[in-house]
Amino acid sequence: MCYAHSRQDIAETLTALDEAVVEVKQGHPAATVFAVAN
Amino acid sequence: MTGMDKVRLANTGSEATMHALRIARATPAASCSSSSTASITACTTTCSTTRRPSRRQPWSRKGETRPIPTSRGIPRGIQEYLLTLPYNDIDAVERVFKRRGEQIAAVMVEPVMGNTAGIVPRLEWLQAIRRLCDAYGVVLIFDEVKTGFRLANGGAQEYFGVKADLAAYAKAMGNGYPVAAIAGREAIMAPIDDGDVAHGGTYVGNVPATRGQCHAGDAETEPIIETIFARGKMLMDGIEVLTRHDVPHAVTGIPSMFSLVLGTDEPPYDYHSYDATDHELYEELVGALIERGVMPDDDSRSRGSCAMRTAARTSPRR
Numbered sequence: 001m002c003y004a005h006s007r008q009d010i011a012e013t014l015t016a017l018d019e020a021v022v023e024v025k026q027g028h029p030a031a032t033v034f035a036v037a038n
Numbered sequence: 039m040t041g042m043d044k045v046r047l048a049n050t051g052s053e054a055t056m057h058a059l060r061i062a063r064a065t066p067a068a069s070c071s072s073s074s075t076a077s078i079t080a081c082t083t084t085c086s087t088t089r090r091p092s093r094r095q096p097w098s099r100k101g102e103t104r105p106i107p108t109s110r111g112i113p114r115g116i117q118e119y120l121l122t123l124p125y126n127d128i129d130a131v132e133r134v135f136k137r138r139g140e141q142i143a144a145v146m147v148e149p150v151m152g153n154t155a156g157i158v159p160r161l162e163w164l165q166a167i168r169r170l171c172d173a174y175g176v177v178l179i180f181d182e183v184k185t186g187f188r189l190a191n192g193g194a195q196e197y198f199g200v201k202a203d204l205a206a207y208a209k210a211m212g213n214g215y216p217v218a219a220i221a222g223r224e225a226i227m228a229p230i231d232d233g234d235v236a237h238g239g240t241y242v243g244n245v246p247a248t249r250g251q252c253h254a255g256d257a258e259t260e261p262i263i264e265t266i267f268a269r270g271k272m273l274m275d276g277i278e279v280l281t282r283h284d285v286p287h288a289v290t291g292i293p294s295m296f297s298l299v300l301g302t303d304e305p306p307y308d309y310h311s312y313d314a315t316d317h318e319l320y321e322e323l324v325g326a327l328i329e330r331g332v333m334p335d336d337d338s339r340s341r342g343s344c345a346m347r348t349a350a351r352t353s354p355r356r
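So the sequences go chain by chain: A and B.
At position 19 of the first sequence the residue is numbered 19 (the numbering used here), and the sequence of numbers has no breaks.
At position 288 of the second sequence the residue is numbered 326 (the numbering used here), and the sequence of numbers has no breaks.
Incorrect hints may have been included.
Computed, partial: chain B to chain A, Cβ under 7 Å [claimed, not checked]:
| no. | residue |
| --- | --- |
| 1 | A268 |
| 2 | M272 |
| 3 | M274 |
| 4 | V279 |
| 5 | H283 |
| 6 | P293 |
| 7 | E322 |
| 8 | L323 |
| 9 | L327 |
| 10 | R330 |
These aren't lab readings, by the way, just hints derived from the structure by calculation.
Positions of the beta carbon are idealized from the N, C-alpha and C atoms, including for glycine.
Chain A on its own, in the form it takes in the complex (with noise of 0.2 Å):
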């Protein structure tokens, strides 16, 4: 998450996680996708 072309700053890069986990969240029904895989 932090490769030659990423933003520079640790702060903004981990808020961009986090935003992305709430977007990609935000698009699945969580019981069926977000479960371990067995």
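Start from chain A and add chain B according to the hints.
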């Protein structure tokens, strides 16, 4: 360099690993074939095999599998000189040495599997490979193209306390300059000086890259390894935000070279356990990150780990 006796410069990690194999095969103890264990990331013809073993083609009972070319243009004959083994599997290595130890010239290991989210080796597995190579007179090669100068100044060898006979370096070594190296024990490198093993190529040892590499650390005002570990640790800890969102995940790798996998609570230990993680969800998450200016590798099944650099800053968000 990491305690090795001799160093030869190259331009890329692919070149360095290719020449390391050639040098190893030229040692007196080497006979007819070369075994490779674990993931091999280099793009050379002799190494580009078994990047993506299928779950439908599991490791055989003998603990090895037929190499699978990862590109067209690789002669079938190459496969006869390679064995591929599962990562972190001591029994598989022991079985292969017991059956073929007299035929093996070299074992090449990537000490942290970079293109599978940074799978970390079990120390006992690395130690077992070292012990078996010593017992059978086999050259142990570490592909330190990604781990060299990133896990420690002495690379993975220093970090894990396991010494290789040959090692290939690139990436962090050049700090952006196109320079790489093969380093090894005196006796193993000697055939190059004698002219018995050819090593060379356009731009090998070229002055701009070599001088750039030599001065790369001079401009730094912070201890490099300590700095990238501290900042990588901040990011690894920050990934735990996924716990707050109830997303099953595991953080993988080492602070200066890490990643995450989704759909599991356990870090993968070999390719198959990595393959079983949720790649589709990962790529969806990466897509959302890219939209926000963060650029992880978006090919989940063959992705590089997050490689830290000192330019990653810790200032508060503006």
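Against the structure, the hints:
Hint status for A268 of chain B relative to chain A: violated, with the closest Cβ pair at about 10 Å, above 7 Å. Of the supplied interface hints, the one on M272 of chain B holds, with its beta-carbon coming within about 5 Å of a beta-carbon of chain A, less than 7 Å. With its C-beta approaching chain A no nearer than about 10 Å, M274 of chain B sits outside the 7 Å limit, and its interface hint is violated. Among the interface hints, the one on V279 of chain B holds; its C-beta lies about 5 Å from the nearest C-beta in chain A, closer than the 7 Å criterion.
Among the interface hints, the one on H283 of chain B holds; its C-beta lies about 5 Å from the nearest C-beta in chain A, closer than the 7 Å criterion. Below 7 Å, beta-carbon pairs count as interface contacts, and P293 of chain B has none with chain A, the closest being about 11 Å; its hint is therefore violated. Taken as an interface hint, E322 of chain B checks out: its beta carbon lies about 5 Å from the nearest beta carbon of chain A, inside 7 Å. With a cut of 7 Å, the hint placing L323 of chain B at the interface with chain A holds, because the nearest CB-to-CB distance is about 5 Å.
For L327 of chain B, the interface hint holds, the least distance from its beta-carbon to any beta-carbon of chain A being 5 Å, beneath 7 Å. A distance limit of 7 Å between C-beta atoms decides the matter here; for R330 of chain B the minimum to chain A is near 4 Å, and the interface restraint holds.
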